[in-house]
Amino acid sequence: MKRKHTPNDFDAIDCIELSKKTAIHEAGHAAAVYFGNKQKQLPPVFFQIIMKNCSCNHDNCMTKIEGGRLIHTLPVSVEQANNQSFIEQKHVYQQAFEADITNLLVGSLAEAHYVAHRDNELISPLLVPLNVLHNYGGASDLEVVNDYLQCFVPNEQQQKEKVNELFLAAFDFINDYSHWYAITALAEHILKNNNSIIDYTEVTTVLDKHFSDSKKHIRFINSTYTR
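Mapping to this note's numbering: the sequence shown position 128 is 128, numbers consecutive.
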């Protein structure tokens with residue numbers, strides 16, 4: 001899960017802003033993998049965040065999630081995808097397939113959400129549809145999503161329906177206040193971190209703490225208005 005830089009990333013933009021967008025993007029992936037899979041009662045999947053210093057001169061600002069996918073390998077050919085044993089396994093992998101795609105889409109949507117808030121603009125699935133996610137560093141994630149769809153969904157119309165369904169699920173995840181609070185906190189942690197690797201335990205500790213803090217804040221607000 002790696003943010004793919006866009007042609008506009010290095011035009012009249014400083015490294016600080018690019019680093020912020022990249023941190024939000026990868027924090028979105030991490031939160032979706034951790035919270036999303038847990039909410040779906042899927043097995044935990046370990047990952048770490050790999051960081052490399054940003055250079056404004058070329059595509060050298062590499063912060064990415066290593067690991068994080070429930071399905072590690074996809075068929076390498078149409079023949080393999082149509083193999084009877086793989087067809088039988090599709091049903092077993094259905095939840096994992098849907099979770100992985102949702103988690104891949106959340107990264108770009110987190111970045112889009114950040115940009116909209118930064119610019120005081122509204123965001124919705126109509127304003128930021130699936131086909132513009134490449135503008136938010138989503139090109140490589142969308143390539144992987146397409147690979148999943150080719151393997152698991154039999155025809156083009158069903159592929160469109162499934163990816164739109166999962167896109168809306170990813171949007172709902174981002175719009176949840178507690179998820180967004182945890183994502184922004186993890187992004188800040190990434191930006192302040194001086195190490196080249198942030199391990200799974202450190203990432204999930206940050207996410208859990210701020211998710212819990214947000215829930216306490218919501219309860220406080222609710223209790224204040226109901227008095």
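It cannot be assumed that every hint is accurate.
Mimicking DSSO-like on lysine-lysine, the simulated pairs with C-alpha atoms at most 30 Å apart in a straight line are [what the hints assert, rightly or not]:
| hint | residue 1 | residue 2 |
| --- | --- | --- |
| 1 | 52 | 160 |
| 2 | 64 | 162 |
| 3 | 20 | 38 |
| 4 | 216 | 38 |
| 5 | 162 | 38 |
Since the hints were made in silico from the structure, they are not lab data.
Do the hints match the structure? See the list:
1. 52 x 160: violated, 35 Å
2. 64 x 162: holds, 26 Å
3. 20 x 38: holds, 27 Å
4. 216 x 38: Between residue 216 and residue 38 the Cα gap is close to 20 Å, so the pair holds against 30 Å.
5. 162 x 38: holds, 21 Å
Checked against the numbered hints above, the structure violates only hint 1.
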